[in-house]
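Modelling step: build the complete structure from the supplied sequences, incorporating the hints.
Protein chains in written order, with my numbering: chain P, 53 to 446; chain S, 53 to 446; chain A, 53 to 446; chain V, 53 to 446.
Don't take every hint at face value.
The list makes no distinction among identical chains, and a pair is therefore deemed to hold if it is satisfied within one copy or across any two copies.
[As the list claims (entries may be wrong)] Here are the simulated BS3-like pairs of lysine-lysine, each with C-alpha atoms no more than 27 angstroms apart in a straight line:
hint	residue 1	residue 2
1	Lys78	Lys339
2	Lys166	Lys352
3	Lys166	Lys78
None of these hints come from the bench; they were simulated from the model.
There are 4 protein chains.
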Amino acid sequence: ALHSTTFEIDEKHGTDYHKKFVEFVKMVQKENLVIGGAMTDPKGDRSKGPAEQDDPDLFTRIVDTDDKGVYVSGAKAHQTGCINSHWIILMPTVRLTENDKDWAIVGAVPADVKGITYIYGRQSCDTRSMEDGDIDDGNAKFGGQEALMILDRVFIPWDKVFMNGEFEFASMLIERFTCYHRRSYVCKTGLGDVLIGAAATIADYNGVPNVSHIKDKIIEMTHLNETIFAAGIASSHLGHKMKSGVYLNEDMLAQVCKHNVTRFPYEISRLAQDIAGGLVVTLPSEKDFRHPEVGPLLKKYLAGRRGADVENRMRILRLIENMTLGRNAVGYLTESMHGAGSPQAQRIQIQRQMQVGYKKNLAKNLAGITNDIEEPKELSEYFDRVFKTKDSLL
Amino acid sequence: ALHSTTFEIDEKHGTDYHKKFVEFVKMVQKENLVIGGAMTDPKGDRSKGPAEQDDPDLFTRIVDTDDKGVYVSGAKAHQTGCINSHWIILMPTVRLTENDKDWAIVGAVPADVKGITYIYGRQSCDTRSMEDGDIDDGNAKFGGQEALMILDRVFIPWDKVFMNGEFEFASMLIERFTCYHRRSYVCKTGLGDVLIGAAATIADYNGVPNVSHIKDKIIEMTHLNETIFAAGIASSHLGHKMKSGVYLNEDMLAQVCKHNVTRFPYEISRLAQDIAGGLVVTLPSEKDFRHPEVGPLLKKYLAGRRGADVENRMRILRLIENMTLGRNAVGYLTESMHGAGSPQAQRIQIQRQMQVGYKKNLAKNLAGITNDIEEPKELSEYFDRVFKTKDSLL
Amino acid sequence: ALHSTTFEIDEKHGTDYHKKFVEFVKMVQKENLVIGGAMTDPKGDRSKGPAEQDDPDLFTRIVDTDDKGVYVSGAKAHQTGCINSHWIILMPTVRLTENDKDWAIVGAVPADVKGITYIYGRQSCDTRSMEDGDIDDGNAKFGGQEALMILDRVFIPWDKVFMNGEFEFASMLIERFTCYHRRSYVCKTGLGDVLIGAAATIADYNGVPNVSHIKDKIIEMTHLNETIFAAGIASSHLGHKMKSGVYLNEDMLAQVCKHNVTRFPYEISRLAQDIAGGLVVTLPSEKDFRHPEVGPLLKKYLAGRRGADVENRMRILRLIENMTLGRNAVGYLTESMHGAGSPQAQRIQIQRQMQVGYKKNLAKNLAGITNDIEEPKELSEYFDRVFKTKDSLL
Amino acid sequence: ALHSTTFEIDEKHGTDYHKKFVEFVKMVQKENLVIGGAMTDPKGDRSKGPAEQDDPDLFTRIVDTDDKGVYVSGAKAHQTGCINSHWIILMPTVRLTENDKDWAIVGAVPADVKGITYIYGRQSCDTRSMEDGDIDDGNAKFGGQEALMILDRVFIPWDKVFMNGEFEFASMLIERFTCYHRRSYVCKTGLGDVLIGAAATIADYNGVPNVSHIKDKIIEMTHLNETIFAAGIASSHLGHKMKSGVYLNEDMLAQVCKHNVTRFPYEISRLAQDIAGGLVVTLPSEKDFRHPEVGPLLKKYLAGRRGADVENRMRILRLIENMTLGRNAVGYLTESMHGAGSPQAQRIQIQRQMQVGYKKNLAKNLAGITNDIEEPKELSEYFDRVFKTKDSLL
Ligand SMILES: Cc1cc2nc3c(=O)[nH]c(=O)nc-3n(C[C@H](O)[C@H](O)[C@H](O)COP(=O)(O)OP(=O)(O)OC[C@H]3O[C@@H](n4cnc5c(N)ncnc54)[C@H](O)[C@@H]3O)c2cc1C
Ligand SMILES: Cc1cc2nc3c(=O)[nH]c(=O)nc-3n(C[C@H](O)[C@H](O)[C@H](O)COP(=O)(O)OP(=O)(O)OC[C@H]3O[C@@H](n4cnc5c(N)ncnc54)[C@H](O)[C@@H]3O)c2cc1C
Ligand SMILES: Cc1cc2nc3c(=O)[nH]c(=O)nc-3n(C[C@H](O)[C@H](O)[C@H](O)COP(=O)(O)OP(=O)(O)OC[C@H]3O[C@@H](n4cnc5c(N)ncnc54)[C@H](O)[C@@H]3O)c2cc1C
Ligand SMILES: Cc1cc2nc3c(=O)[nH]c(=O)nc-3n(C[C@H](O)[C@H](O)[C@H](O)COP(=O)(O)OP(=O)(O)OC[C@H]3O[C@@H](n4cnc5c(N)ncnc54)[C@H](O)[C@@H]3O)c2cc1C
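This is how it looks when you write it as structure tokens:
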């Protein structure tokens with residue numbers, strides 16, 4: 053997103069952001085660094101823009117400038133993986149107006165730069181990772197974390213500043229960033245695959261893998277998951293080259309992809325809990341399972357079908373708990389909802405691009421209406437891009 | 053359920069369960085006791101009945117009988133509130149065949165009777181209740197718990213035995229029990245009300261209570277919640293008197309009520325998370341909030357609209373987390389799914405009572421089919437009961 | 053609705069509408085007359101009220117008054133069954149303001165009064181009823197019709213005028229009328245029963261009545277249908293007595309009932325078409341079936357399972373077509389959508405009554421919020437009414 | 053489908069179907085002919101295969117063979133556009149067993165070959181096209197038609213026979229054919245665009261284009277429509293080359309595409325009817341509109357917002373009726389349901405390809421299960437194909 057936006061800012065303003073950004077990317081690639089994209093501001097009163105808030109720091113902003121660089125204050129919320137990043141790129145989170153000039157700042161800082169405080173967020177079942185054993189964790193291998201990053205006069209040297217006051221480009225940056233990012237939510241289908249696998253496994257351990265309603269639910273989970281997958285692939289397939297030379301995936305389908313991500317994982321989880329049975333929330337602890345007296349009782353009474361190992365049954369149940377209620381539910385459900393923007397943000401983008409003027413003409417034409425055809429107001433390059441044609445308008 | 057079933061067993065077998073049961077109820081009422089209904093067996097391989105399991109104890113059963121009473125072994129899983137009950141009533145959990153006679157046992161025991169071991173189940177976020185403070189709990193006041201009850205030669209004296217081998221009455225007992233119980237899941241609309249209130253409160257604190265999509269989502273949550281409520285009320289309204297003199301609510305609508313409970317709370321939760329924003333899963337801990345240095349930063353950056361108290365905002369977010377991912381999600385979601393029987397159990401009951409023969413006749417009649425009308429095989433008293441009519445069949 | 057509203061208008065304005073209305077009802081009952089309720093005006097520009105329209109006649113209004121009565125002009129649209137009614141009651145269709153005084157008229161006229169023109173509406177497949185044979189009709193016995201009623205200086209004598217200028221009572225009248233009327237949409241479950249029966253019959257004729265996905269779809273159709281039924285019953289059960297002595301069913305559940313009617317019949321139809329197979333839309337005509345040469349070919353090739361009569365198979369397929377695409381789809385689908393008000397009208401009523409202030413308090417209370425509890429602004433009699441309690445507010 | 057299947061039959065059986073087929077295609081392309089694909093047999097009792105039916109003709113079959121060619125009898129049902137085709141290709145419609153050898157016939161015949169009788173199917177509102185005027189048609193320009201084709205000893209010369217007894221290739225042919233065909237149902241998004249445009253137009257004519265629930269419904273319609281579109285594009289993008297040299301689109305996503313087509317158009321139609329208002333089913337006829345006396349009344353009372361032409365308003369309403377209940381509903385709804393196979397057919401294909409063994413391993417791996425990992429039984433080339441990798445299995 054920055055590659056193309058810096059290019060277009062330079063084109064208009066004669067700045068040199070693009071060159072600086074390309075240098076930065078080269079360094080990142082050479083040193084194999086992890087970058088955290090820090091976009092989301094705390095936002096305070098959601099009905100107000102940056103300049104209208106009671107406290108101007110509720111959106112990250114420039115507080116000072118000198119010949120070495122700029123100084124920013126504010127905060128970035130919900131930062132996934134920021135603690136294991138090397139560098140952070142700060143970007144605005146909303147469309148900005150002229151009054152919001154001071155908030156139009158993009159720049160890169162090392163994750164351990166002076167002035168940043170990280171406040172770690174809690175997750176459902178977070179403290180289980182600190183307990184003994186690995187069963188109750190659910191997913192013994194992977195977790196994630198989010199933090200609130202607070203910025204107190206953080207310094208960004210000029211060569212790491214990629215936007216500085218060009219407020220009118222904030223929306224271009226955000227739209228392109230979220231276009232990539234929403235399409236990237238296709239990654240949740242990987243989690244979906246895991247949950248489908250977990251559901252199939254527990255049905256097997258319970259002795260009912262071939263019961264018709266169970267099979268049907270697993271098919272439904274798959275159908276929903278692949279529907280998301282399809283939109284991700286299609287969005288990439290229809291990508292186009294931008295002025296700066298990089299490609300942007302197709303935006304409408306990126307929105308559609310992410311929008312389904314705000315719905316289907318919840319339904320997939322619901323079906324997984326159905327298949328799992330009540331034990332997914334009433335299973336005793338690993339500690340009890342390892343206990344010399346209680347352990348054997350659990351081994352006896354938590355048996356499934358012949359040949360299914362009780363510990364394995366517990367492990368799969370905990371994985372399902374983990375993904376539908378526990379630490380990974382944060383990533384599989386709530387992040388699917390809000391990450392890269394809440395559902396309503398996608399609906400707004402869908403509305404912008406839905407070519408309703410053109411569709412009205414289609415309908416009027418078929419209905420035999422001849423005296424009320426207007427030239428559609430929508431961006432005509434949409435069709436050129438998606439259907440590779442110059443003459444698709446009525 | 054036992055009131056009427058014991059009555060009808062006595063009627064057929066000349067036993068005296070009903071009198072004994074009535075005595076038991078009198079004692080309970082006099083001493084104001086809490087009773088736990090212990091139905092669910094561990095069930096092992098779900099494709100097999102009690103007598104077919106590798107281990108006969110996977111369904112609770114009679115292991116011995118003498119002149120003082122019977123001795124039972126086995127286990128009861130997912131027992132809500134058993135630990136704060138005074139007495140436990142043991143009942144079979146599946147329809148039984150002649151081979152399953154030993155499993156056809158109903159009886160009451162004190163919760164602290166010799167031979168019972170309780171193994172406490174884990175819940176999402178359970179250990180938060182043991183932390184300092186009350187914010188991270190989400191719901192500072194109420195929680196619940198389930199336990200696995202293991203029975204090792206538990207003794208039931210004859211005067212507390214309410215079924216003993218009359219396997220053919222197991223299904224009547226279960227059907228009546230679940231008829232009451234599934235209708236009682238209308239209680240989840242109370243939790244729904246809380247979640248609707250929480251969503252409305254956080255929207256207010258965020259400064260967007262009047263945004264159209266937010267209002268629309270709260271209306272949808274309410275619509276779904278009231279749809280559940282309606283079925284509960286209607287099921288009671290259409291109740292009828294049984295032989296023993298007690299009333300049974302209408303069964304079809306009890307199933308419908310519970311079946312919607314396996315769906316709508318998940319959608320209501322999804323909408324609540326949408327309205328809440330990402331903070332519902334990334335909020336820092338109360339400990340950080342009470343910290344002398346970090347606390348003030350949180351107070352500054354977690355501000356919502358003017359006048360909204362940050363601690364209150366955190367409390368509401370934690371409540372939403374609690375109900376959609378944490379301890380109360382166990383009760384609001386997974387128990388809504390499985391408690392009183394998994395969704396498929398309701399579908400089977402709906403199928404049994406859906407009077408499809410009668411409906412086929414309706415259709416044939418309107419379609420002008422005259423040579424293919426069969427007497428419906430369904431129980432004719434259904435219509436007498438629901439529509440209070442004797443002549444509603446074609 | 054008029055019984056109670058006229059009573060309350062009289063109470064405030066000292067008028068005598070109630071007595072006149074009761075007289076009218078007596079006559080209707082004595083002579084066993086059919087009354088058409090004519091509410092819906094054509095409405096022109098939907099963003100404007102009666103007085104704001106370019107043409108004042110787009111809402112029915114008083115154009116003249118003399119000592120014998122009032123004269124009204126305008127139109128009433130979508131009038132179901134008006135052509136087979138004896139009397140018509142004219143009522144306003146929207147909440148009125150002071151400027152709309154001339155539109156605040158309620159009165160009864162004979163259906164053949166001077167000045168009314170009926171313009172019959174078209175329905176899908178309407179002309180099939182005029183063809184020979186009865187198979188292609190789908191439902192040989194019943195149909196319905198709607199007409200546009202145009203009123204040109206229609207005279208209403210004073211003793212048949214039940215509101216005249218009391219604009220502030222229009223919303224009370226409409227709310228009570230739609231409260232009854234929306235609950236009455238439970239009638240669509242009767243049509244649902246027919247469609248369920250038709251689907252079960254065609255599955256039988258096709259030889260697949262016991263296939264799991266077919267059974268499951270019929271269960272789902274039933275579940276949805278009974279969900280609607282439940283809300284209707286519950287709304288009546290919770291009814292309360294109004295000042296005039298008549299009962300009003302519970303309004304929230306009436307809305308919920310109707311709102312589900314705007315959704316579930318469409319899904320039930322979709323499932324019916326799934327079960328029916330493609331023939332539901334490609335079946336040759338009855339004329340071909342009766343044709344000496346073509347008929348035998350159809351009899352051979354449209355055979356279903358052994359023993360299923362081909363003509364019967366055709367009849368059931370036509371019934372399903374009729375209810376999902378043809379004349380009765382008008383009543384089963386589109387009228388389910390718009391009759392008694394479009395879906396959004398129910399959402400507005402749900403919003404008004406959803407007691408959100410009370411629910412916010414519930415949530416705040418559980419979240420441990422103590423300094424932000426407000427007295428709910430909602431009508432407190434709601435709880436008195438629904439839960440028969442005087443002290444249910446926090 | 054035939055290109056590759058004939059190639060693989062030849063490979064196994066040493067036949068020369070492929071060459072003959074390629075010749076046929078050349079002729080078709082040179083003469084620019086329309087081909088009808090005739091697959092669907094009448095099928096009689098759906099629980100039985102071809103050889104098990106009471107009447108062997110219920111699936112099209114070889115009744116005779118001589119040195120010039122083969123003779124087939126039977127029927128093909130629901131043939132879209134067969135009447136405007138030049139040639140018809142006959143293909144089997146179900147997986148065949150050894151007993152069904154006589155039914156394993158593929159061949160091409162001219163549409164007017166001796167022995168074929170076409171029996172035209174009825175469609176909802178079909179006779180409107182024969183009435184005067186073009187408004188009531190809804191879609192004045194386009195319609196479609198299906199016919200039942202009856203084959204009585206239809207002759208196919210050897211050079212037009214592309215399968216003859218190789219029953220084991222029937223399923224390959226069908227699977228590939230439906231893989232192409234189900235993906236091609238993405239065409240229904242074009243109809244979706246028209247309906248979205250029609251809904252937006254009527255909202256405009258009604259004066260409420262900017263009301264929030266209307267906008268939201270149009271966004272939802274678009275979201276659903278684009279979700280279908282995405283799966284079509286993605287299925288093509290992931291296509292792969294087969295032995296014969298032609299490409300086959302990705303099968304899982306073709307199923308997913310078609311499966312959403314069996315759901316979303318129904319919801320899109322429902323929303324279109326919501327936006328349209330009740331007039332969509334109660335609108336008077338064009339005849340009334342052209343009538344000297346009634347016409348002016350309609351012009352007055354069917355007015356929408358200022359500037360909206362009444363005839364145009366009627367035309368759009370009729371188009372919506374046409375697509376949701378009338379002739380084009382056959383194509384937009386019921387054909388979306390059954391064309392290229394009923395929903396359950398897609399679910400079976402999804403199940404076959406859902407790689408559940410692989411997904412179980414993913415889940416077991418994350419859950420820390422080490423002693424129960426099995427080699428997945430699924431076709432390993434799936435991953436090679438979709439992810440272009442050779443080592444994606446655990
Ligand atoms: C929070 C909570 C509280 C509870 N409280 C109580 C309580 O107080 N007292 C009490 O007695 N019980 C209680 N229950 C238990 C509840 O009744 C059971 O969870 C429920 O009956 C399902 O049984 P299960 O958990 O063994 O799931 P399973 O039976 O293992 O079901 C898992 C899945 O497999 C399917 N399945 C299982 N067997 C078959 C089969 N033979 N054919 C087809 N499909 C099958 C189910 O439909 C479901 O989809 C509680 C449960 C929960 C979750
Ligand atoms: C697990 C997780 C990981 C994340 N990781 C990252 C990350 O790595 N980097 C990063 O930058 N961000 C990250 N995010 C943040 C994410 O982008 C935001 O959560 C998202 O943009 C929503 O913002 P919010 O949480 O402030 O919700 P809010 O904006 O408060 O939204 C709450 C609700 O209010 C509505 N709403 C808010 N404002 C308005 C308005 N003005 N008009 C109408 N409706 C409104 C929303 O539609 C939503 O329904 C992450 C979030 C989560 C949950
Ligand atoms: C408008 C339209 C146009 C069409 N155009 C063409 C065309 O051009 N060429 C062509 O060849 N075909 C065409 N078709 C036919 C289409 O492929 C078939 O409708 C489809 O395959 C379903 O077959 P059926 O209609 O016989 O339904 P059925 O097979 O009778 O299906 C009815 C229901 O029964 C179920 N069912 C049936 N058999 C079984 C079973 N054994 N086990 C479990 N469930 C079962 C189905 O899943 C479905 O729910 C068209 C269909 C339509 C509606
Ligand atoms: C089959 C049938 C039978 C009927 N029978 C009768 C009858 O017997 N007697 C009778 O009186 N009526 C009857 N009705 C009329 C019914 O009550 C109306 O259709 C209904 O009130 C909707 O009005 P409308 O059709 O003018 O739609 P519109 O009001 O034009 O609604 C179309 C869409 O626009 C929306 N909309 C309209 N205005 C606004 C606004 N200001 N703000 C936001 N959204 C708006 C609606 O929500 C809807 O989505 C019948 C209708 C049907 C379809």
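Hint by hint, here is what the structure shows:
1. Lys78 to Lys339: This pair counts as neither: shortest intra-copy Cα distance 50 angstroms, inter-copy 41 angstroms.
2. Lys166 to Lys352: between (57 angstroms within a copy, 20 angstroms between copies)
3. Lys166 to Lys78: Close inside one copy (24 angstroms), not across copies (73 angstroms); limit 27 angstroms.
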